Each structure stands twice: as C-alpha cells, then as structure tokens.
Amino acid sequence: MVPSWPPAPPPPPGTQAAASYASPYQAAPAFTPVQVRQSFGQPYPAPQPAYPVHAYGSPSHVTQSSPTNHSPTVTAASPPAPASEAPRKKTIWPDSVRNYVQRSFLPDNLDETVSRQDMEAKLKETITSANDGGYMYTINWETMPLPQEMIRAERNRTQTVQQPPPIPPVVPSFSSPPAATSKKRKSSDLTDTDLAGGPWRNNNNRLEDRVTFTADKRLATNETPKAMSKFQKQQQKNLEKRQKRFHGDYTTHREPSPPPSDGPVVGTSQVLEKRYLRLTAPPVPSQVRPESILRQTLELLKQKWRNEQNYTYICDQFKSMRQDLTVQNIRNEFTVEVYEIHARIALEKGDLSEYNQCQTQLKALYQRGIKGKSLEFKAYRILYFIHTANRSALNDVLADLTTAEKAERPIKHALDVRSALALGNYHRFFRLYNDTPNMGAYLLDMFVGRERLAALCNVCKAYKPDVPLRFITEELYFESDADAAQFILDHNGQHLLEDRDGTVVFLTAKAGLHFEGPRATAFGRVDIKGQI
Amino acid sequence: MASSAATKDEKAPAAADQKPEIVTDQKPAAALEEDDEFEDFPVDGTLPTLYTTRPEGDASPQHPTPIPQQSAALLTSDDNLDWAAEDTEAATESQGTQHLWEESWDDDDTSDDFSTQLREELKKVEASKKR
Amino acid sequence: MDALFDDFSGAQKKCNGDLLSRTVTAGLTNDELRAIWKTCNAYDVKDVIKHGLQASDIGRSGAIPKEELKAWVDVYAVYWKAVGELLAVRDTSNDNRRASQASWAKVYESWKELLSALIKGYNSSSFESWTIPCLYVTGKYLREFAIKADAEKNSTQDNAAEPNFQDDFDPEAQQNHHLEDCARQLNRVFNTCLNDRAPLENSRKWGIYHVINLLFKTYFKLNSASLSKNILKALSAGRGDMPPLEAIPKSQQVTFKYYEGVLQFLEEDYVQAEKHLTEAWRMCHKDATKNKELILTYLVPCHLLTAHTLPSKKLLEPYPRLQKLFLPLSQHIRKGELHAFDLALQEGEDEFVKRRIYLTLERGRDIALRNLLRKVFITGGFEEPKSEGASPLRRTRVPIAEFAAGISLGCQETLDNDEVECLLANMIYKVMTHLLTVFWTQNLMKGYIARERGMVVLSKSGAFPGTGI
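Residue numbers (the UniProt record's numbering), protein chains in the order written: chain A, 1 to 532; chain B, 1 to 131; chain C, 1 to 469.
Treat the hints as calculated values from the structure; they're not laboratory data.
Wrong hints could be hidden among the right ones.
[What the hints assert, rightly or not] A short, non-exhaustive set of chain A residues, derived as facing chain C with CB atoms under 10 Å: (1) Leu-394; (2) Asn-395; (3) Leu-398; (4) Ala-399; (5) Gly-424; (6) His-427; (7) Glu-474.
[Said to hold, decoys possible] To be clear about the criterion: a stretch of chain C counts as covered by chain A if any three or more of its residues have a C-beta under 8 Å from a C-beta of chain A, and this derived list gives those stretches: (8) 68-79; (9) 346-360; (10) 363-375; (11) 419-426; (12) 443-456.
In this text the structure is predicted, and so the values were computed from the model without any measurement.
Ideal Cβ placement from N, Cα and C applies to all residues, glycine included.
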C-alpha cells in the first residue's frame, strides 16, 4: 500500500506543519489526525482496529506508546469539555485498560512470588478505583505499575527508600521506520522510536524537499507488520481520545500517596502540570512530582506540543520538570529524554538560550554514561558552536569525541561543516547544508545567511568579469534564481544584476567590496542570551 | 604516539604512553593535561641560581623601578627563582644563531618526487585537452 | 613549635617575608609536622602559641602591636590544626583512609581556614606588605590540596547527593568541586593584593603576579581560560600603579608571559600571542626543557600564521615530542603536499586537539594549498618569448583543470571543478596579515578566475606574493 500524499503547501520555516499532517494514512505518526479535525460530525475514516491491537507485532510495542490522558487534565489553561458532551456514565473499559490487564499477565512480566489471585485482586482494586474516581480515561495506563509491581512495592515498603519503578518497558526499535518527514525534522516528529542514530532518510533531495512534505520511500515500500501495528495502535489511541471527548471525563488523576522515603527529596505530588517557579528554599515534597508522574507529564507535554504548539506554555512546563528532576537527584535515561525533547523544541523555536541550557546538561549526562541520543545532540552541539563562533568550545567538543563517534553520520556531518567553513570551502558547505541530518538544519539556517555573504565576497573578488546568476544560485544553494537575486537585492546589489539576452548575470568585477560591510556585520552579530 | 591512519579505530594510543586515563570511550572533560601545566622552575638540579638573600645592589640596572628594600624579601623563595641574562634562552641563541625559523615554501626545486608526479598529472591534463 | 617561634621572631626582625612564609608551609617532612603537632592539643593550642610568640625575642621587644600579634596567634592556631590534618593523611595509606577519617578534603578545608585567617590579618590592616609570601605560599598549597581532594573524591565515586535547589545540575561542580572553590579563594588573595591602597613601595601589589600565575594555572586546569582574561582586565585597569613585570623574578615573569601568550593564542590574536610567547621563550632559563617545549607548542603554530615560517629541525632538535607534532606537517606545507598534509593533520588530531592547536594548524592548509598551486604554476613553465632576447615570462593563464589535477594528486576522490574554483577563489580572496607588516597585507594568490574560459589568469608581477614569483 503506497499512500499518495496530498500536495501540501510548504509551511513557512520554523512553523509547524500540523495542518498538512491530516492524512489518516500516516503510519507511526507523531500526530494524531483526529486532533486537527474541527468537528466530530464527519465520519471518521479509520476502522476500529481489531482487538488486540498488537495482533501483528510483539505486545511490547503497545506498552510504550503515548498516553491516553490527553489534555484538559488539570490546569485552568485548558478549557473544560463542552457541557453538551456531558458524561454518559457507562462502564466501558478502554483498550488502554484492557492492554494493561493483558500486559499484567504476559509471561515475561509474571512474578513467581505473586499469586494470580493477588494480582487479580490488585487489578480489580486499581481499575475500580480508577473508574469510581472518574480517571479511567485520563490515567496513563501505559506507565501504570503492574499489579505484581505494586504488590512487590508494598512488601518492600518498609525497607526501600525508592519507589517501585513503574517504568514502561522501553523498546529500542532502531529498525522502525520514521514518521513521514520533511527534510528538516520537527521536534514533534520524534516519537519514542525515532532514534537519531539510525539512517534518517536518503538525502538526495534538493533543498525544496526540506520544507515540503514528502513521503519516505522506505516507509512506503516496506510496510512491515510492525509499522502496521503502530499504525493500528495510533488509530486505537485516536478512538480512545474520541471516546474520551464524548465522555468528557477530564478529572484530575489522583493516585494513592507514594511510599514514604528517607532519601533525598522524594516528591509526592500527583499533579501532572506545574508552573515553573524558581526555588528560593528547599522544595516541599508535596509540590514535587515523582518520576512516575513526571513520565506521564512528559507524555502529556509531548502531545500538547504536537497539538497546540504553545511554546511559552511548553517551555515553562519543561523547566518545572527539569527542576523536579534536579531536586530529587534523578539522573537517568528519563532525565536525558526530558532534556533532549526540551532541546529539540527549543531548537525548533529558535530559543537558543534554553537550548544551550539543555545541551549543557545533556553533555554532562552523557558523560556519566547515561544513554540517550548522544550522537544527534553532540552533532547539534558542534553546529551550535559554529553558529556562536565559540572557538574554544569547539575545541573542547572535538577533544570529547571518540574516533568511533566521529565516524557516525550526524557527527561526521557536523564536523565536515566545521572544517568546510574553517577552510572557506563554501562549495562543500552548501552541499552539506542541503544534506543535514535530524534537526541540524534549524541551526544551519541561523548562519547560512552570513556564510552566503562570505561566499559572495569571495566570488566578487575572484571572478572576472561576471558570472551567470545561475552559478550563484547553485553554488550558494538558493532555491531558485529568484531567491538568489532577491538575496543580492536585499543587500542593495540591484546594480550588480544585468539581463543579458534573457540570462541574468552577476557583475562580480563591478561589485568590488560591496558585500564586505554586510558580511562583517553578519559575523559580528552573534549574540545569545545565556552565552558566556 | 602517532597511531597509523589506517588503524585509527581506538582512541588510546596517543595518550597511552603518558597517562593511563583516557582509554574509556567517555573521555574525561578535555581540560589541559596535567603535564601541560607550566612547571615551577626547579630549585635544585640544573638551575643553580637561587638567591637566598638578594645581594645588595643587585637591583638590576635595567629595572625601571628599583626594587624597594622591603619587597626584595619576596624575591627569595623557591618560587622566586631568578637567573642571570646569560642563562636565558635568548643568550644561547645569540651565540650560534642558526636559522630557527624557515620560510614556509620550498625553493623552486622541482626535482622531488612530488613535483615529478605533479608533472605527470599535468601532462595527462594536457593530453586529454588535445584529444 | 619552638623552631616555628624562632623563625617567626627572626623573620619579623629582619622583615623577611620568605623566612616568615616558612612558618606556614606544608613543605615539611612528617617528622617536622609531627614535632609541631605534638606540642599542643586542641584545648591549649591558642595559649601555647600566644605564650610562644610573646616569649620570643620579637614578642618581648614589643615591636609587634598587640592586635597584630593576636592575629598571628589566630593564624598559627589554624596552621597547627591544618598540620594535624595533613599529618593524618600522610600517615594513612590509601586503603585505610576511609576508616581513619583522614582525607585530602579535610586538609583542603583546614588550609582554606589558614588562608582566611591570613586574609583577615591583611584586611584588618595589621599585617605588613612584606609578609605577603605567606599568602602566596598558602595559596600555592591550597591549590595542591584542592587537586588532591578532587582526585580523591572522583576516585571514591562517592556521589552523595548534595541538596540541589537549582533548576539544573551543575555539571562541573561534581568533578572540580574543590578546585573551583580554590579559584574563589585565590581570587580573594588577588583582590587582597590588588586593592591595597598603600604606596607602591610598600604595597601588597608586589605579590600580584605571583597570585595571578597561581590563578592562571588553576583556571586552565578548570578549563575556563576565559576567567583568566578577567584577571588580566583587572590588572590592566590598574596598570599605572602596578609594579613593573620586569621587577619580578624571571621565573614568575616567564610563567606570566607564557599564560598571557596562550590566552591570546586561544582568542586567535596570534600577533599578540607571538609577541608574549617570544618574550617568554627568550627569557626562559636555557635548561628548563619542559617549559621551553610548552612555549614552543604554541609559538610554532603562531609563527605559521603570523610570519609564514616553519620551525627548523635545529629548533625542534631537543624536543622529540614536538618533532613528531610539527615536522611532518611542516614538510608537507613547505612542499605543497596537500593530501599528505590532510593525513598528517588527521594523524595528529588527538594530540593537536588536546593541546588546543588543532584549529590553528588546520589553517596551515591554506599555505600548503598556496604552495601546491605555486608548484603547478612553476611547472607550467614559460611563454614563448615574443621577441628574441626578451626575458621569459611565466605562463600566467593556467587552465583550472591543471590546478584540479594538482589538488587531487595523491587522494582518492577527485574534486569537481566548481570546488576547485572555490578553493582558488579563496586563495585570491584571503588576506594574510604578516607579523612584521601588520598594516600591509597580501593575498595568497593574485589573479582572477575567468569561469567561462575555464582559466585562471594570474598576475604577471607576483602571482604568489611574498614567495619570489
């Protein structure tokens, strides 16, 4: 099945292309098509998947998907459901709950020390209270501790200081195909399985592809069962969401208090969202969210980001997450994930100050040996320091890389960019610019303008008497002759363009030092808040 | 110290013969190595000129400001090693000034291997043009 | 302890700061330390010292004001305690240290107290300026202990979670906790010297270069060389009433010049860097091989960019390590062996990066390329003489394909003509500032590209400025 893609108009740079993602055929999407629908009146095209959803794949695929507790959960910022959609109370177990039950009894998850009876009792207790409490649909069943884990935790409660880790199994499915992409990946494209280490895509496309929405060929041609199950899972989530809307159960999720602890601060807050406030005193445990809640928060925020693109809100929420992690001394792969996602979002929105904070943390976290998308982020780090012209930091980054890392694609690309620029090889730079993995293009876009000016200065000095405008377009990777001409016009170079029998030529000899001023200005102006 | 280019699959060789610390793939933060620190000039051994008490009148004439009597006390500890002008590097250089720095380009010697190769290549270019 | 009192008395009588600094040193044998430690205990230490100082010659003479003497009592009481900590660590082998509670961290803390007691003595303006060697010596040992304490902490991996109310972790704090604190303490010493308003001949400012050198070493180890710049700024702000650097012992002068030069180097101010490093080089003691090697590590790349000159074999002869670093690169640059240059740069990359010279040496590629193009030009020979007897003219119209062949020589991949043009454009565009002629710049190559004809038209008068053709 090869989906045909609607010819969506390219979104303006730096903006989200959410509207063009409406296709219900999208496999493994980071977006939920139902979210962009303006009404529920239309028939929903996707069939309800047969239960169980993971019929095609291993059950573990289900366990790490996004949560079902979509928006209006807690804050007043989210409007309550319309009154017309008042809850029709009828006990329907959502698929997420059914999955949860099923997961509990997977052989791999069973615990000899916990009897089936005990498990059933615990399950009943958990699900009943969720239903009675009205948070059946808002709770994240994917990350909910399994009954055997809860029982074990209760047994250990007197000894342990740590909470039972309700960590959902993480599936490192490197092989899973990425979501449909534009050349310049969005932070919201990144589902849990999109790993930067893998080959992201074939990059033989021209620049336009970067901003245009195109299908990933590999995805289209090898539609694997795994992808199918992800697809169905997505449909299932959509359905749940729709159901949830009809039910309108947007209740705050309240869990029993976590086990007491005598370690460093252990949060007890069960609230998903929290405004960021700078701490001036030791944190109060009741206002700090434990990791299990923070995991749910992260899922919620990821979803909100996809759907709402409210950066101010998201940034604030991520900062409070980071703070909660810090005060509880939580430094693990989850911490890495939080910083990575915040870094990507900040990158997409051009918030370099926040991005820099995140990358500084990530550097330290990777250095402690905590796993994450280190190749992707080390590559950003290089590009970032190119942008800020921070030479000594660049040297430090080089010193920190291992030989093996240097050979990895994202890092190799960034290093090649660095050396191309260091040597003034604009020809190579602009080829690399067109071939940037992950979200690196957001960083490159920040300095491509000044590099074009530098290249123009070179060309004007070296070529006589003129060159075709097309040469500039191609060497400096403008999308069209018109764009190249516009760039020259933007820098007051109208007198340097001449139409000669239908061919536009660029009068290099006449230009002299014309672009030197703009070039110097462009290179002098790298000013980032938070940059030391 | 230099690992061959062909077998650059591990990071260690460059550092292995100095300090045993850089072998893991998470290298330590790249602060300047310990042995990169400028050394205190040794008191004993090869550097003999330590004034325990600075002789009167040794406020060397080239000093624009005579060293005040009291501050002279500063100049006598291990860390205040001073030496005579003839013990400086500059003094040894002026004795037999060789060319310490050379021009960065070769003379117009075109007989070396590289130049020969280059000529061959250029001939090929020439030939392909005529074809 | 009696020896200490005698030294104190003698130093005070002669106003000998060096001698006095030996009363607060850590550079003693275990027996010497033990002798001090055994004299008293925690309860009577102040009394013992007070009586000891009062009973000494200088004490009895009444030459030292009561307040000042009291401050010295405080200093030596803390010193006595610090000696105890140091002795405890030295007496305990690494294996037993954990059990015995002795640690370098404690030594550091006690030495920090000593430094504070001294600074207090100066700030209450009772300690005279000639005593500043005490301050310097204490700071020097403090740094030593900070490094040991950090090593100790990192080796035990005792990452006991300290309360952290910040938004993010401070990634550096763990690793260099003590050394960072040490930098702050040394900064206090720096300010104690800098802000002395006494007339210069009687000022603590005489200690400033010593302290700055300590700070330089500390900041470099912390990998925050930029903080060193702040120190230099503060220094130059008060340059007018600072002691001249030349009045300081050469050991400290050379150290200061070296770090000043390296700082400029890191900021790519190669002209200034070369100036300072050359001064350090020339003033360095001829037998201080290690330090001379360090100076050359930065001076050689400087020379490449500022003077377009390369180190001779003779210059590097005494330094096998530098030969390995620089000789292959130098040869490839000189001969224009571009591809071999790339390989050599790659080969030495780890070492270059570690020494912070990679990015600088990389720029030597321009010169290697220039030399290669120069060779292509020379190989191109001469034009047919237009008239009999006319001096031969070099062929100045060179097909781009010829340059392309030269650039591709030795490497697997062939560059396309557009990229070759780009490199040529760089040669024509780039300006090298020559050290001796800061106001006079020259391009690497003179001429222009005639793209339509696939030619480079080189200048008939000096196609490669500064190289004789």
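When the least beta-carbon distance from Leu-398 (chain A) to chain C is tested against 10 Å, hint result: Result: holds, 5 Å to nearest chain C Cβ.
Return the status of the interface hint for Leu-394 (chain A): holds when the least beta-carbon distance to chain C is below 10 Å, violated otherwise. 7 Å, holds
Stated coverage of the region 68-79 of chain C by chain A [criterion: 3+ residues, CB within 8 Å]: violated (count 0)
Can you confirm whether chain A covers the region 443-456 of chain C, using C-beta to C-beta distances below 8 Å and requiring at least three such residues? That given contact holds, which follows from 4 residues of the region 443-456 of chain C lying within Cβ reach (below 8 Å) of chain A.
Hint Gly-424 (chain A) vs chain C: min CB-CB distance below 10 Å? 4 Å, holds
Stated coverage of the region 363-375 of chain C by chain A [criterion: 3+ residues, CB within 8 Å]: holds (count 3)
Under 10 Å is the threshold here; is the Cβ of Glu-474 (chain A) close enough to any Cβ of chain C for the hint to stand? 8 Å, holds
Do at least three Cβ atoms from the region 419-426 of chain C come closer than 8 Å to Cβ atoms of chain A? holds (count 7)
Count residues of the region 346-360 of chain C with a Cβ under 8 Å from any Cβ of chain A, then say if the count reaches three. holds (count 6)
Against chain C, with CB atoms and a cut of 10 Å, does the hint on Ala-399 (chain A) hold up? Hint holds; Ala-399 (chain A) Cβ to chain C Cβ min 5 Å, cut 10 Å.
Supplied contact hint for His-427 (chain A), tested at 10 Å Cβ to chain C: 4 Å, holds
For the hint on Asn-395 (chain A), just tell me whether its beta-carbon gets within less than 10 Å of chain C. Holds - the Cβ of Asn-395 (chain A) comes within 10 Å of chain C, reaching about 6 Å at its closest.
Checked against the numbered hints above, the structure violates only hint 8.
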